[in-house]
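Participant: Chains as they are written, first to last, in UniProt numbering: chain A, 1 to 325; chain B, 1 to 325.
Heads up, some of the hints might be wrong.
For identical chains, the list gives no copy identity; a pair is met inside one copy or between any two copies.
With a cut-off of at most 30 angstroms between alpha-carbon atoms, the simulated BS3-like pairs for lysine-lysine come out as follows [claimed, not checked]:
| hint | residue 1 | residue 2 |
| --- | --- | --- |
| 1 | K236 | K17 |
| 2 | K17 | K61 |
| 3 | K61 | K295 |
Keep in mind that the hints were calculated from the coordinates and are not lab data.
Owing to the predicted nature of the structure, the values given are computational and were not obtained by experimental measurement.
Next come the chains, spelled out residue by residue.
There are 2 protein chains.
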Amino acid sequence: MSNVETIGSLGENESLKRTIARLNLSEHALVGPGDDSAVINAPDGRFVVTTDTLVEDHDFKLSWSTGYDLGWKAVASNIADVAAMGAVPTALVVALTAPSSTQISWLEAFADGLSDACTQLAPGCGVVGGDLAASEKVMISVAAHGSLEGREPVLRSGAQVGDILAVAGTLGRAAAGLALLQSGNTDAIAAYDDWVNLQRRPQPPVAAGVEAALAGATSMLDVSDGLAKDASRIAKASAVTLQIDPLMLQGFEAVIEEAARAIDANPGEWVIGGGEDHSLLATFPSQATLPRAFKAIGLVLPQGPAPVMLGASPLPESGWDSVTG
Amino acid sequence: MSNVETIGSLGENESLKRTIARLNLSEHALVGPGDDSAVINAPDGRFVVTTDTLVEDHDFKLSWSTGYDLGWKAVASNIADVAAMGAVPTALVVALTAPSSTQISWLEAFADGLSDACTQLAPGCGVVGGDLAASEKVMISVAAHGSLEGREPVLRSGAQVGDILAVAGTLGRAAAGLALLQSGNTDAIAAYDDWVNLQRRPQPPVAAGVEAALAGATSMLDVSDGLAKDASRIAKASAVTLQIDPLMLQGFEAVIEEAARAIDANPGEWVIGGGEDHSLLATFPSQATLPRAFKAIGLVLPQGPAPVMLGASPLPESGWDSVTG
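Turn these sequences into a full structure, and let the hints steer you where they fit.
Facilitator: Printed below as a string of structure tokens:
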């Protein structure tokens with residue numbers, strides 16, 4: 001017997017009680033955690049819902065990310081999908097499975113990460129329910145909800161020929177962070193800890209989702225699997241070709257170029273193929289004023305030989321597949 | 001290389017596409033699967049949300065349950081929590097993790113189980129989004145949503161002294177099924193396959209949730225962890241004592257008595273401590289007309305020495321803890 005409190009020694013009820021005590025409340029909850037279900041406001045008579053799961057050793061390593069990091073990341077990756085509809089995140093439910101030997105302090109840090117990510121990335125949003133179960137590996141599954149506030153949702157399928165393609169947020173930085181961690185090069189990790197930290201605690205531009213909707217965005221999604229793969233999703237859903245201007249990616253590459261050199265990597269591949277930045281990729285009518293958070297990177301063309309072109313060349317769909325890796 | 005198609009050989013996108021094609025649509029979805037989020041109707045300006053997770057070797061064994069069974073069970077266990085608020089289930093999101101060696105036929109059967117459970121237990125409800133990821137073990141996490149249709153939610157905390165305690169659905173049958181499977185007694189399993197099948201594919205009395213709300217239920221929950229444990233949750237939340245009349249449990253015991261005898265078990269323990277029937281336990285004002293699905297099993301007393309009494313004796317909180325087992 002050890003004196004360290006674990007979720008196994010405390011049991012589900014006590015562990016959940018300690019976790020819930022650390023969570024911030026959703027401003028939109030009429031009934032919060034503790035009953036069979038929560039009850040959430042949906043003032044315009046609709047709600048937005050999405051789900052995303054993080055699996056140990058597939059999506060993260062416990063040696064690279066703290067409980068706090070993972071709580072943050074679970075929130076960030078899900079509310080980015082809410083923002084990508086042009087909605088405001090309102091409420092989350094969180095299912096966590098973890099070994100019963102997990103220390104309660106890890107779980108408390110996880111709750112703090114959930115809480116801080118809500119407060120900092122989507123003020124007013126909070127965790128309204130959850131589930132805790134034993135398993136050999138840590139698995140975090142979140143369902144996130146949002147309000148469209150009377151607006152129409154921005155889908156992937158609305159891009160029109162002649163629209164401007166633009167991105168809000170970073171490209172390639174999370175991939176840089178991952179490559180640095182994988183390199184095991186402790187000097188490089190220390191020197192470029194901003195990218196490592198962004199990998200651990202993504203910073204999706206949540207407010208830019210609503211701004212895009214208000215500016216007339218015709219399509220939008222969250223860049224979770226890499227620019228090439230996610231751009232091709234808009235292209236296919238909208239039956240168009242997206243042409244990315246390679247010159248417009250140079251700024252994204254420049255930021256991570258030094259880190260790439262330190263570990264002999266190619267920053268261009270990170271920008272085009274790297275996932276987990278959780279930026280927003282959107283199309284806007286050519287006469288629209290782009291919201292400040294967005295930077296134009298290309299154009300919408302009639303459907304051509306490839307869904308996505310980088311300049312004059314077809315861009316292969318590289319990127320992350322959550323099953324095959 | 002094998003010719004059997006697996007989720008690993010097909011990848012996330014193709015596997016999800018095949019799954020989604022088998023799902024029934026939610027009548028309440030304005031935007032269904034395929035975008036960053038779904039958009040669901042919430043006509044009274046609120047929605048109900050809950051989440052529950054099933055973990056391989058903790059909540060189920062793949063040798064005892066098919067993909068179809070698990071799809072069914074994941075829906076049933078979650079919509080019971082929606083029904084327990086007095087709400088009508090409208091939409092689900094489903095996260096599945098499974099080994100990449102999982103055959104696509106298993107995933108298709110899982111989708112059929114999701115679909116059939118929605119159609120049969122909660123017509124109009126459907127799966128509106130999901131996530132598929134690789135992991136060593138199968139894990140199913142669902143978030144279920146519902147509409148209160150303008151009614152107030154029925155919480156755990158509203159039981160009043162003098163109320164009648166009543167249950168809709170079965171007690172102990174799912175525990176009987178589990179004990180039969182654990183016994184390995186193939187003759188007994190074959191003879192009492194009704195209880196085994198109820199364990200695999202629970203039949204929560206979903207419509208009874210709304211009926212209870214309309215009849216004025218003062219508190220309600222879904223009996224997922226056993227009568228003793230779940231009754232104590234109402235008692236604690238309402239600051240009352242629930243007194244269960246042992247005579248009123250005899251009918252529940254009688255049904256599973258023969259199966260208990262076949263494997264030398266105690267049917268009374270199944271009725272009091274067995275989880276996963278996903279019945280509804282509710283309290284009603286003494287003058288209320290109980291809906292037909294409900295059977296009175298006790299009374300609400302002022303808070304006494306124990307949260308739950310069985311006749312004149314305190315009832316210990318046995319039951320299922322999802323962390324400690």
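Participant: Each of the hints needs a verdict: does it hold here or not?
Facilitator: Consistency of the hints with the structure:
| no. | hint | verdict |
| --- | --- | --- |
| 1 | K236 <-> K17 | between (46 angstroms within a copy, 14 angstroms between copies) |
| 2 | K17 <-> K61 | both (26 angstroms within a copy, 29 angstroms between copies) |
| 3 | K61 <-> K295 | neither (33 angstroms within a copy, 50 angstroms between copies) |
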